[in-house]
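Protein chains in written order, with the numbering used here: chain P, 1 to 149; chain A, 1001 to 1149; chain X, 2001 to 2149; chain Y, 3001 to 3149.
Wrong hints could be hidden among the right ones.
[Claimed, not checked] Label pairs and their in silico Cβ distance ranges:
id, chain 1, residue 1, chain 2, residue 2, range
1, A, Val-1065, Y, Asp-3097, 20 to 28 Å
2, A, Leu-1007, X, Ser-2114, 34 to 42 Å
3, A, Arg-1100, Y, Asp-3039, 24 to 32 Å
It should be emphasised that the hints constitute simulated quantities derived from the structure, not laboratory data.
All C-beta atoms, glycine included, are put in the ideal place defined by N, C-alpha and C.
There are 4 protein chains.
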Amino acid sequence: MTRTTILHRVPFYETDAMGIVHHANYVRYLELVRIAWMDEHDRPYREYVRDGLHFSTTRVDLRYVRSSGFDDVLHVMTWLEWVAGASLGMGYEIDRDGVRVAEGLTEHAMVDTSGRPRRIPAEHRERFRGLARASGGSRTRRGTVDRSR
Amino acid sequence: MTRTTILHRVPFYETDAMGIVHHANYVRYLELVRIAWMDEHDRPYREYVRDGLHFSTTRVDLRYVRSSGFDDVLHVMTWLEWVAGASLGMGYEIDRDGVRVAEGLTEHAMVDTSGRPRRIPAEHRERFRGLARASGGSRTRRGTVDRSR
Amino acid sequence: MTRTTILHRVPFYETDAMGIVHHANYVRYLELVRIAWMDEHDRPYREYVRDGLHFSTTRVDLRYVRSSGFDDVLHVMTWLEWVAGASLGMGYEIDRDGVRVAEGLTEHAMVDTSGRPRRIPAEHRERFRGLARASGGSRTRRGTVDRSR
Amino acid sequence: MTRTTILHRVPFYETDAMGIVHHANYVRYLELVRIAWMDEHDRPYREYVRDGLHFSTTRVDLRYVRSSGFDDVLHVMTWLEWVAGASLGMGYEIDRDGVRVAEGLTEHAMVDTSGRPRRIPAEHRERFRGLARASGGSRTRRGTVDRSR
């Protein structure tokens, strides 16, 4: 299984005056599950950081389907959609009790500590290729990624 | 002029350990400029809130072009892309010293305090129609909005 | 045992450009462990919320002893220091690998949904009294609470 | 005048499900006004950062007197309470329409980029001494600072 799911119990400080989770917080949930995915499928992200490498976020596209609130337990799932020489794309689904709350994608470029683009180290890129193939990606979401830009 | 620009001076607490603004914060910048846009072109958002109405965010799509850092002054600009009976779309450009930092779009659905969809009150919808026409929208960005979903 | 400890693994989005956890985030950690303490020793906080009651925060006093960084696992511990008719005080210690990172206290007043002070319901106040006695409080920290204000 | 005041208009994303500003955000307001104070009375904080120096926060003590909500305009005021060789203390008052919302203090230690304590550069320390004398400090708040630790 090449997908990773974390449970996130919504803290009070992530809610807003509409009584629901503020939409900007979901972008953070995507980061939480990405870190967990790397733990599980690649290597702890802190090891990239120690090597002076970061997966800089170049795109976030999130669709909010239903709201969630304080103390809800969210299932946040991610998988690798695609990988290129110096970038990769992840897909996401966020559910609560089996009902879709949000879905989206992010894109990332590998950079060094001064922000310059770097190729993903070969061994990791190879592993990512296998993972992207195995996860199958999601045709629908892939279609929303505009690679021509 | 139907566009609104705010200046945002980056606080230290919006930076992360890469030494740059954490990408999730840009979603908040979009909210800041939306509020300013409503002040300028429609009515203060707090008046919608007092009437028990909210523009719930249903989509955020952000492309990060360059990083920004502590104490940078960002120009965050927004305009109305389109409006429908109960929803609307906004476009955004974020620049620093005339250089593009990020660009994106958001979509919103009008809801009441219990989260049920509501039509945008007629007089505001009418004004929004005029604003969307006048701003011209951005063909490129509009093309990335998948309305068929 | 009347103390509650949670583990918090530091996400990247809680770090700042000093390369460490931004100090404002620790205030959130206190909330996380308070919620866990209520689960364990009183009742889930969401049940207070459903009854239209909140423990509004009236004071936060935090001393930062050492920094922590991305992916550190923090042990965040809390206990009830004291309880009065409509308010209570909690103590906190945050450690990493057995080393003190921060310590502090918070004070809270029970309010209803319109923010008016309310007495803590008798059965809960009684339970809190027992918990405060059992935890013993911390003389040192108690000394820093200025109750005369 | 040795005090600095900024206006902060509360964004929606700083509210919580109680319908008010979440208490953790006030810690950020203190940082915003500290930066403005340095601009006005010392030098832009980014210049310290460029020199590899930071005023690390070692204590935050905040008392919340009244709540505030979306779109409220807060007056956030700060002054220098005291300065020592490698640390300093600031006082704060936050008002809305002339009514006290919160008040507090913070303490800071100068550190280098690896977190080691550093003396405040002599010329700045001298200026700070003058500012602390001139602001007079606030006896009441000063009393709550436990310097014996």
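Outcome of the hint check:
1. A:Val-1065 with Y:Asp-3097: 20 to 28 Å: violated (41 Å)
2. A:Leu-1007 with X:Ser-2114: 34 to 42 Å: The hinted range 34 to 42 Å holds for A:Leu-1007 and X:Ser-2114, with Cβ atoms some 36 Å apart.
3. A:Arg-1100 with Y:Asp-3039: 24 to 32 Å: holds (27 Å)
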